[in-house]
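Enquirer: Single-letter residue listing:
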Amino acid sequence: MERMELVYSRERTRQQSAEVDDRELAIRARAGDAIAFETLVLRKTPAVVSVARRIIGDADEARDVAQLVFLRVWDSLARYDEKYSFNTWLYRIATNLSIDFLRANRSRAKAHGATLHLVRGREAALEEEATFALESSQVAELFERVSEDLSEKQKAAFVLREIDGLDSKDVAKILGCGESTVRNHLFNARKALQKKLRREFPNLFRRWSRQ
Amino acid sequence: MTADCRALPARLDAYRRDDLADDERRAFRRHLAGCAECRGEAIAAEPTLVFAVAPAEAVGDEEARTILENVKAALAVREAGRRLERGAPRTRRAAAGLGVAAILALAFSAPLARRPPAVAAAAARPAAPSGIAGAANRIVRPGGEEPSMPASATIYEWNPGTASPEDPKIVWIVDRSLDL
Numbered sequence: 131m132e133r134m135e136l137v138y139s140r141e142r143t144r145q146q147s148a149e150v151d152d153r154e155l156a157i158r159a160r161a162g163d164a165i166a167f168e169t170l171v172l173r174k175t176p177a178v179v180s181v182a183r184r185i186i187g188d189a190d191e192a193r194d195v196a197q198l199v200f201l202r203v204w205d206s207l208a209r210y211d212e213k214y215s216f217n218t219w220l221y222r223i224a225t226n227l228s229i230d231f232l233r234a235n236r237s238r239a240k241a242h243g244a245t246l247h248l249v250r251g252r253e254a255a256l257e258e259e260a261t262f263a264l265e266s267s268q269v270a271e272l273f274e275r276v277s278e279d280l281s282e283k284q285k286a287a288f289v290l291r292e293i294d295g296l297d298s299k300d301v302a303k304i305l306g307c308g309e310s311t312v313r314n315h316l317f318n319a320r321k322a323l324q325k326k327l328r329r330e331f332p333n334l335f336r337r338w339s340r341q
Numbered sequence: 130m131t132a133d134c135r136a137l138p139a140r141l142d143a144y145r146r147d148d149l150a151d152d153e154r155r156a157f158r159r160h161l162a163g164c165a166e167c168r169g170e171a172i173a174a175e176p177t178l179v180f181a182v183a184p185a186e187a188v189g190d191e192e193a194r195t196i197l198e199n200v201k202a203a204l205a206v207r208e209a210g211r212r213l214e215r216g217a218p219r220t221r222r223a224a225a226g227l228g229v230a231a232i233l234a235l236a237f238s239a240p241l242a243r244r245p246p247a248v249a250a251a252a253a254r255p256a257a258p259s260g261i262a263g264a265a266n267r268i269v270r271p272g273g274e275e276p277s278m279p280a281s282a283t284i285y286e287w288n289p290g291t292a293s294p295e296d297p298k299i300v301w302i303v304d305r306s307l308d309l
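Those protein sequences? They're chains W and D, same order as listed.
Once you know that position 93 of the first sequence is 223 in the working numbering, the rest is easy, because the numbers rise by one and skip nothing.
Once you know that position 123 of the second sequence is 252 in the working numbering, the rest is easy, because the numbers rise by one and skip nothing.
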């Protein structure tokens with residue numbers, strides 16, 4: 131009987147947590163409320179995986195990084211200042227860890243030689259002309275292919291501002307720079323991506339222009 | 130054709146310069162997401178918009194739950210590791226000896242599985258949970274050095290001597306002072 135009451139009580143707490151906003155959940159989690167933390171993880175996983183996936187370019191690795199992000203969140207909750215948006219704080223952690231991961235990955239890729247990328251790029255372009263359709267997973271794959279030359283910060287700025295549609299002041303806070311720097315990153319990223327898209331996927335954009 | 134469609138060329142220019150106010154920008158993106166004609170025209174002029182207007186990849190509930198379980202397991206493992214580092218816990222809950230054991234199943238990768246199978250009897254330790262008692266053995270670190278651990282914690286091998294070096298080694302950490 132006692133066990134049933136305990137289970138019921140936890141379930142009720144979960145339901146109550148589901149109705150609470152992010153900031154309040156973070157405050158409760160900071161005070162040691164495990165259910166509040168679980169609710170936050172479940173609620174924020176899609177956003178964290180999504181931003182990590184776009185910066186890193188690989189779905190499995192993005193899931194691994196998402197786990198690291200939530201571990202970091204748990205460790206850092208004591209430093210979370212509730213005057214600021216929890217989302218911005220979370221994005222900052224997710225973006226920084228994704229950038230670190232990307233940096234480490236690129237170093238490893240360089241060690242294995244850059245020629246492989248060139249060959250794969252050409253194959254991808256040929257394949258794309260015949261099969262590409264506007265589905266989210268394929269757009270993600272396309273982004274992965276054309277964004278490999280961007281710097282980590284350019285890529286993160288583009289993902290946050292252009293893909294996730296965040297306001298530029300939030301992107302600046304997340305990246306720890308000024309809004310003008312965000313604009314510069316965005317401008318350079320867009321220019322580089324545009325050039326690569328037009329060169330490697332010309333048919334794709336002709337098709338859209340006919341729609 | 131709506132007013133938003135007619136405003137496309139001007140707004141597209143401002144968007145590319147990042148000159149739209151935040152709410153105008155959001156409205157512009159919403160319009161592109163809902164209007165195929167404007168979307169096609171905008172992407173033809175600014176190909177990078179293909180990334181802005183694509184729907185996000187879905188992350189299912191099951192995937193989110195898996196991530197949550199992994200995070201919880203990692204936190205529990207880390208806590209257990211801290212206890213091992215610290216030696217005996219500073220406080221022992223009064224009911225710990227009688228109460229619930231915290232059980233963590235850890236799948237270690239091949240390098241750990243290649244550790245010497247040095248094993249000692251678990252007789253002096255608390256009994257393993259039923260079902261693994263027969264197979265339970267304490268793990269000793271390479272070189273015969275036993276890790277320092279609190280008196281309340283014991284590590285048991287699930288598959289002693291049966292796993293090949295490439296198979297994961299599964300162990301249980303039982304710490305009676307942990308509260309699940």
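These are computed hints drawn from the structure, not numbers from a lab.
Take these hints with a grain of salt, some might be off.
Listing some non-contacts, in silico: residues in chain D with all C-beta distances to chain W over 10 Å [stated by the list, open to error]: (1) 131; (2) 134; (3) 138; (4) 187; (5) 203; (6) 213.
Restraint ranges, calculated between C-beta atoms of paired labels, are given here [to be verified]: (7) D:142 with W:281: 24 to 30 Å; (8) D:202 with W:235: 22 to 28 Å; (9) D:206 with W:321: 22 to 28 Å; (10) D:189 with W:332: 31 to 37 Å; (11) W:306 with D:199: 26 to 32 Å; (12) D:202 with W:206: 18 to 24 Å; (13) W:162 with D:133: 24 to 30 Å; (14) D:173 with W:268: 14 to 20 Å; (15) W:211 with D:174: 24 to 30 Å; (16) D:174 with W:161: 26 to 32 Å; (17) D:189 with W:215: 37 to 43 Å; (18) D:150 with W:235: 34 to 40 Å; (19) D:202 with W:311: 35 to 41 Å.
We treat Cβ as the ideally placed atom computed from N, Cα and C, and that holds for glycine.
Enquirer: Indicate, hint by hint, whether the structure satisfies it.
Expert: Now for the hints, and whether the structure bears them out:
1. The beta carbon of residue 131 of chain D sits about 17 Å from the closest Cβ of chain W, which is more than 10 Å, so the claim that it is off the interface holds.
2. Listed as outside the interface, residue 134 of chain D is consistent with that label: its C-beta sits roughly 14 Å from the nearest C-beta of chain W, beyond the 10 Å cut-off.
3. Residue placement check: residue 138 of chain D keeps its beta carbon more than 10 Å from all beta carbons of chain W (closest about 14 Å).
4. Its beta-carbon lying about 8 Å from the closest one in chain W, residue 187 of chain D breaks the requirement of being farther than 10 Å from that chain.
5. For residue 203 of chain D, the condition that its CB be more than 10 Å from all CB atoms of chain W is violated, with the nearest at approximately 6 Å.
6. Consistency note on residue 213 of chain D: stated as away from chain W, and its beta-carbon is indeed over 10 Å from all of that chain's, at 19 Å minimum.
7. For the hinted restraint 24 to 30 Å between residue 142 of chain D and residue 281 of chain W, the CB-CB distance of approximately 26 Å keeps it satisfied.
8. A beta carbon spacing of about 25 Å between residue 202 of chain D and residue 235 of chain W agrees with the range 22 to 28 Å that was offered as a hint.
9. For the pair residue 206 of chain D and residue 321 of chain W, the beta carbons lie near 46 Å from each other, so the given range of 22 to 28 Å is not met.
10. In this structure the hint that residue 189 of chain D and residue 332 of chain W lie 31 to 37 Å apart at CB holds, the actual value being about 35 Å.
11. Taking the beta carbon of each, residue 306 of chain W and residue 199 of chain D are about 28 Å apart, inside 26 to 32 Å as hinted.
12. Restraint check, residue 202 of chain D to residue 206 of chain W: a C-beta distance of roughly 20 Å satisfies the suggested window 18 to 24 Å.
13. A hinted range of 24 to 30 Å is violated for the C-beta pair residue 162 of chain W and residue 133 of chain D, which are about 49 Å apart.
14. Between residue 173 of chain D and residue 268 of chain W the beta carbons are some 18 Å apart, a value that agrees with the proposed interval 14 to 20 Å.
15. About 42 Å separates the C-beta atoms of residue 211 of chain W and residue 174 of chain D, a value inconsistent with the hinted range of 24 to 30 Å.
16. Residue 174 of chain D and residue 161 of chain W have their C-beta atoms about 51 Å apart, which leaves the hinted 26 to 32 Å range violated.
17. The hinted range of 37 to 43 Å is not satisfied by residue 189 of chain D and residue 215 of chain W, whose Cβ atoms lie roughly 26 Å apart.
18. Look at residue 150 of chain D against residue 235 of chain W: about 37 Å separates their beta carbons, and that is inside 34 to 40 Å.
19. The beta-carbon spacing between residue 202 of chain D and residue 311 of chain W, approximately 39 Å, falls within the hinted interval of 35 to 41 Å.
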